[in-house]
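Asks: The chain contents come next:
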Amino acid sequence: SQTIHQWPATLVQPVGSPLSLECTVEGTSNPNLYWYRQAAGRGLQLLFYSVGIGQISSEVPQNLSASRPQDRQFILSSKKLLLSDSGFYLCAWKVRYLPESPGDTQYFGPGTRLTVL
Amino acid sequence: GQQLNQSPQSMFIQEGEDVSMNCTSSSIFNTWLWYKQDPGEGPVLLIALYKAGELTSNGRLTAQFGITRKDSFLNISASIPSDVGIYFCAGTANAGGTSYGKLTFGQGTILTVHP
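Here the protein sequences come in this chain order: Z and U. If you use my numbering, the first sequence corresponds to residues 5 to 121, in order. If you use my numbering, the second sequence corresponds to residues 16 to 130, in order.
I should point out that these hints are in silico values taken from the structure, not numbers from a laboratory. Check the hints yourself; a few may be wrong.
Said to hold, decoys possible - Some, not all, of what chain Z presents toward chain U, calculated at C-beta under 10 Å:
hint	residue
1	E63
2	G91
3	C95
4	P114
Quick caveat, the model's predicted, so the values are computed rather than measured. Note that the Cβ used here is the ideal one computed from N, Cα and C, for glycine as well.
Work the whole structure out from these sequences, hints included.
Replies: Listed below in structure tokens is the structure:
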């Protein structure tokens, strides 16, 4: 079965410090990977998605960047955190499109709670 | 871009009551998904719908893909305290690989169940 991991679970960082959040998926190959941010427990905003190693698409301009150094690893980074970067960060994966498996079901990790002070 | 309007924003019900929530879109969606999120955790998939008119059940949960492709509803029957959480609808406007699976989410329905 497939599992998705995120770490750390919680993080408190000062303004201006760097950030690195990691997401890994097990039990599947060539997944699509996604980073979301959720503010105040409502609404998920898609930040980045990746359809393969080294392929990153950004959905919104921001202070964050993403990388995919390995097939099942997705990293969210920042060089200098802002107060507005606080939130709940979620990683998700989806099976690469297969004709016999229609639909775009995404499966989420447990999330990372980031507080920037 | 696409937007999903989810209602109601919150519900306060008594244990044993039935619950209904829905999502509407101004554009056609090809996939509708319903997720539940508990505090401090990631959303968990409840039901996935892939065809217009499709009605799918998962235990006490029932969801339907609207025939117009612009709406979906989720019903919970005989609610219990563990149903408490935030329920999200989500969907994709283009099927398969061309959309890269990007989901649009509703703003969520906060469900509170009083014992």
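Asks: Decide, hint by hint, whether the structure agrees.
Replies: Hints and how they fare:
Interface restraint check: Z:E63 against chain U, minimum CB-CB distance 8 Å, threshold 10 Å, status holds. Because the beta carbon of Z:G91 sits about 13 Å from the nearest beta carbon in chain U, more than 10 Å, this interface hint is broken. For Z:C95, the shortest C-beta to C-beta distance to chain U is roughly 8 Å, which falls under 10 Å, so the interface hint holds. Residue-level restraint check for Z:P114 holds (minimum Cβ-Cβ distance to chain U is 5 Å; threshold 10 Å).
Violation of the numbered hints given earlier is confined to hint 2; every other hint is satisfied by the structure.
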